[in-house]
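Undergrad: Listed below, chain by chain, are the residues.
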Amino acid sequence: MLNRIQSPVIYNAVDFDLQLPQLQSHTLDNGVPVHYLPLGEQDVMQVELVFYAGNWYEQKNMVAAATNFLLKNGTSTKTAFEINEHFDFYGAYLNRNCYSETATLTLHCLSKHLSVLLPVMAELVQDATMPADELAIYQQNQQQRLTVNLKKCDFVANRYIDAYLYGKQHPYGIYADAADYAAITQADVQAFYQQYYQQGHCMIMVAGKLPADVLTQLNDVFGKLPLKAGSPSIVNHTIQPAEEKKYRVVNDEAGVQGAIRMARHFPTRTHPDFKGVQILNNIFGGYFGSRLMTNIREDKGYTYGIHSYLQNNLHDSAWMISTEAGRDVCEATIAEVYKEMELLRNEPVDAEELDLVRNYMMGTLLGDLDGPFQMIARWKNYILHGLDEHYFNDSIHTIRTITPEALQTLANKYLQPNDFYELIVV
Amino acid sequence: MIQYEQFTLDNGLRVLVHEDASTPMAVVNVMYDVGAKDENPQKTGFAHLFEHLMFGGSINIPDYDEPLQRAGGENNAYTTNDLTNYYCQLPAQNIETAFWLESDRMLSLAFSKKSLDVQRKVVCEEFKEHYINKPYGNVWHLMRGLAYTTHPYKWMTIGQELSHVENATLEDVKAFFFKHYRPINAVLVVAGNVKTEQIKQLAAKWFGPIPMGEKYERNLPAEPIQTAARVLDYEANVPLDALVKTWHIDSRLSQGYYIADLITEVMGGGGSSRLFQRLVKERRLFSNLDCYHFGSVDNGLLAIDGKLVAGVTMDAAEAAVNEEIEQLLQEGISEQELQKTINRTESVMAFEDMAVMSRANSLAFYELLGNAALMNNEFKKYQAVTAADIKQYSQQIFRKENSNTLRYHSKAN
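Chains as they are written, first to last, in the working numbering: chain C, 1 to 426; chain B, 1 to 413.
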């Protein structure tokens with residue numbers, strides 16, 4: 001008779017031998033580093049140009065984002081349409097993203113098409129013209145999008161909580177109003193482009209099933225350009241946290257839900273407590289079986305989902321709790337979050353729960369490492385933080401060995417209600 | 001080309017195995033042949049609510065998630081108008097834990113009242129978060145109601161109204177389970193670092209003893225052919241006017257589906273697509289404009305959907321969309337455009353197939369459609385489409401009397 005009560009033998013994921021594939025590196029003639037992982041079964045690949053061109057470096061709000069957006073909207077020989085047509089024709093995706101410190105231009109393509117796509121990518125990096133009419137369309141459409149987003153409680157809450165944490169003048173806390181978009185000029189984006197892209201600091205991340213001559217191709221296309229290695233000279237921004245900690249905002253009188261954000265300052269990934277708190281965070285609100293989910297969703301039904309996470313900033317960072325809950329249960333939700341903090345401070349995590357979280361984290365790490373694009377993304381994050389494979393190995397060591405006492409100590413150090421900003425936007 | 005082995009248990013459960021030794025993980029995917037279209041019109045949203053209840057404990061196992069997480073696994077599920085799919089990924093060494101968990105909840109749920117009480121609330125919050133407390137959140141509620149008079153695609157997966165979810169009873173839950181969640185109505189796909197022989201044994205051991213159940217014979221009312229254009233003017237507290245137009249297209253396995261898919265690429269795929277280039281960039285009538293479809297199993301809808309630039313009238317925006325369609329009907333597409341859409345399709349498929357989870361999901365879907373082997377023929381079907389097919393099919397679907405138009409007005413304007 002089949003025993004359906006008893007689970008089959010579960011092999012501890014904790015015991016698995018997890019290795020981060022070693023990143024390979026190469027330097028182009030101009031000194032620009034190429035980091036690459038030749039892995040994968042499908043004939044697809046990724047080339048990402050990472051520039052130090054995030055809003056950390058802008059003098060005027062939204063100029064970094066606008067410049068990044070306009071990279072593919074025209075060169076001296078090609079219109080935006082022709083550029084799109086070129087990448088679309090080969091079934092390739094050329095995306096750009098602007099972050100706080102960095103901004104990227106990322107190509108995903110079938111490996112067989114790389115040689116016809118790379119030269120146009122280089123053209124965008126050297127010869128983008130940032131046409132005035134393209135800027136005008138961008139401004140108009142961003143303003144329109146903003147008016148829609150400002151109706152959403154979660155969007156508004158995300159803006160406010162970062163502004164409380166870092167100050168609205170800080171690159172991490174700043175957000176855009178319609179007037180900020182309107183104030184961007186063509187001269188602004190062209191100057192930013194010249195300094196931070198054309199002659200900017202850059203690294204190239206490559207992964208997937210790579211053509212045999214990929215390094216030659218990259219050198220031919222990017223190796224002669226006036227790009228630089230390393231990061232620009234240091235720019236300092238000082239955070240200016242809000243003094244008031246508790247906020248209640250009504251954005252929509254008719255709203256049926258509130259967006260709740262609770263956050264405290266927390267050190268960056270390089271701090272010795274970071275790895276341990278990642279485990280504490282998992283227990284607290286980091287996965288489906290977390291304390292917050294179990295209590296606030298699965299027991300009380302206040303929300304469709306509640307999560308906590310550590311922000312991944314390079315300079316200053318934070319620990320965040322985020323959920324959308326029924327309007328009438330928002331205050332009760334916050335009270336429950338504090339109760340869960342209290343429990344973690346007052347009682348050691350029991351061995352069974354910790355064991356589960358260790359296995360869960362190892363298993364998901366194994367799953368996250370499935371595929372070249374995921375692996376290169378992890379490496380990129382390490383490089384930007386000045387870390388290497390030791391960090392990965394130490395993280396695994398911490399997952400395997402951290403004690404309930406150590407977690408309780410961390411909870412007492414960091415899960416203190418007085419340190420948390422608290423916001424509800426209805 | 002995706003390789004797989006296939007066998008059927010005595011209780012009718014179809015099992016597919018896709019071996020991939022390049023990953024340390026295994027994926028177990030169980031797809032049930034039931035979606036929102038199978039719901040009672042008075043009890044909509046039930047298939048999706050039920051998906052939540054599948055995590056509320058089964059007959060022998062009080063909690064699904066905990067043992068899976070202990071085994072280093074992760075899982076999720078989704079419900080569409082056509083089907084319900086459950087999938088988990090875990091280190092391949094622990095695959096038997098997934099068999100234990102999935103087979104027990106196919107055997108029987110615990111039918112816990114507490115789980116029903118809580119998940120009704122959770123789903124109501126999901127309903128609010130995505131469809132009520134969000135600008136334009138009811139667009140597809142309105143559009144489905146307009147485009148379908150008869151076929152159950154007329155309601156959304158989340159349900160027609162909150163009260164349907166709020167009123168669900170434990171009796172409803174039990175009846176639904178034993179009608180739809182039987183081996184004969186399901187497909188099991190196992191993929192990743194596994195061996196077919198091993199899966200044959202595990203499947204027989206864990207799923208073999210479950211009673212077959214009755215084959216669910218779907219007998220849905222067909223949507224009558226639309227004979228007159230439908231227009232709905234709607235006003236809401238949103239900042240911008242929006243325009244959504246749809247046209248009925250053919251079912252998932254018909255040739256028309258593949259042509260329609262390529263038409264959405266021509267009109268709305270990527271930065272060089274016609275609608276984006278002409279109406280967002282050149283004429284600046286819309287701030288965004290998309291063209292897409294839902295991949296519906298039964299006769300579906302092709303949609304064009306965008307927000308108007310402030311100051312542009314609804315009539316002008318709609319006229320501009322109609323001009324683009326008219327041009328497609330008159331002139332068709334160039335060979336270069338056709339090649340581009342086919343290249344893009346090839347690329348989409350290659351990227352989709354990267355993840356073993358996505359491969360498992362696709363195999364289950366095609367098996368549910370009738371034959372997993374269809375998966376490997378998909379690209380050929382796209383390659384067979386000609387520019388003439390696109391022109392001809394465009395003329396067939398983009399007829400005024402086949403159209404539904406939602407003019408979503410901002411109260412502020």
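In case anyone wonders, no lab produced these hints; they're calculated from the structure.
For glycine and all other residues, C-beta sits at the position ideal for the given N, C-alpha and C.
Incorrect hints may have been included.
[Claimed, not checked] Heads up, simulated DMTMM-like pairs for lysine to aspartate or glutamate below, C-alpha to C-alpha not over 25 Å straight-line: (1) C/339 - B/20; (2) B/400 - B/171; (3) B/174 - C/298; (4) C/209 - B/117; (5) B/43 - C/154; (6) C/151 - C/299; (7) B/114 - B/161; (8) C/209 - B/261; (9) C/300 - B/171; (10) C/60 - C/127; (11) B/411 - C/154.
[Unchecked claim] Covered stretches of chain B (in silico footprint by chain C; criterion: 3 or more residues with CB under 8 Å from a CB of chain C, positions within the stretch not fixed): (12) 21-31; (13) 170-177.
Undergrad: Does each hint fit the structure? Answer for all of them.
TA: Results of checking the hints against the structure:
With a C-alpha separation of about 45 Å, the suggested pair residue 339 of chain C and residue 20 of chain B falls outside the 25 Å cut-off, and the hint is violated. At most 25 Å may separate the alpha-carbon atoms for a hinted pair to count; residue 400 of chain B and residue 171 of chain B exceed this at roughly 45 Å. Taken as a hint, the residue 174 of chain B and residue 298 of chain C pair is honoured in the structure, with Cα atoms around 21 Å apart against an allowance of 25 Å. About 50 Å separates the Cα atoms of residue 209 of chain C and residue 117 of chain B, which puts this hinted pair outside 25 Å; it is violated.
Annotation: proposed proximity of residue 43 of chain B to residue 154 of chain C is violated, straight-line Cα distance about 30 Å (limit 25 Å). A distance of roughly 30 Å separates the Cα atoms of residue 151 of chain C and residue 299 of chain C; the hinted pair therefore is violated under the 25 Å criterion. Between residue 114 of chain B and residue 161 of chain B the alpha-carbon distance is near 22 Å, which keeps this suggested pair within the 25 Å criterion. Distance check on the hinted pair: residue 209 of chain C and residue 261 of chain B sit about 28 Å apart at the alpha-carbon level, beyond 25 Å; violated.
Of the supplied pair hints, the one linking residue 300 of chain C and residue 171 of chain B holds, its CA atoms being roughly 22 Å apart against a limit of 25 Å. Restraint check for residue 60 of chain C and residue 127 of chain C: the C-alpha separation of about 23 Å stays at or below 25 Å, so the hint holds. A hinted pair counts as satisfied when its Cα atoms are at most 25 Å apart, and residue 411 of chain B with residue 154 of chain C qualifies at roughly 22 Å. Three residues within the 8 Å Cβ limit are the bar, and the segment 21-31 of chain B against chain C gives 4, so the coverage statement holds.
Beta-carbon proximity to chain C at under 8 Å applies to 0 residues in the segment 170-177 of chain B; the threshold of 3 is not reached and the given coverage is violated.
Checked against the numbered hints given earlier, this structure breaks hints 1, 2, 4, 5, 6, 8, 13; the rest are met.
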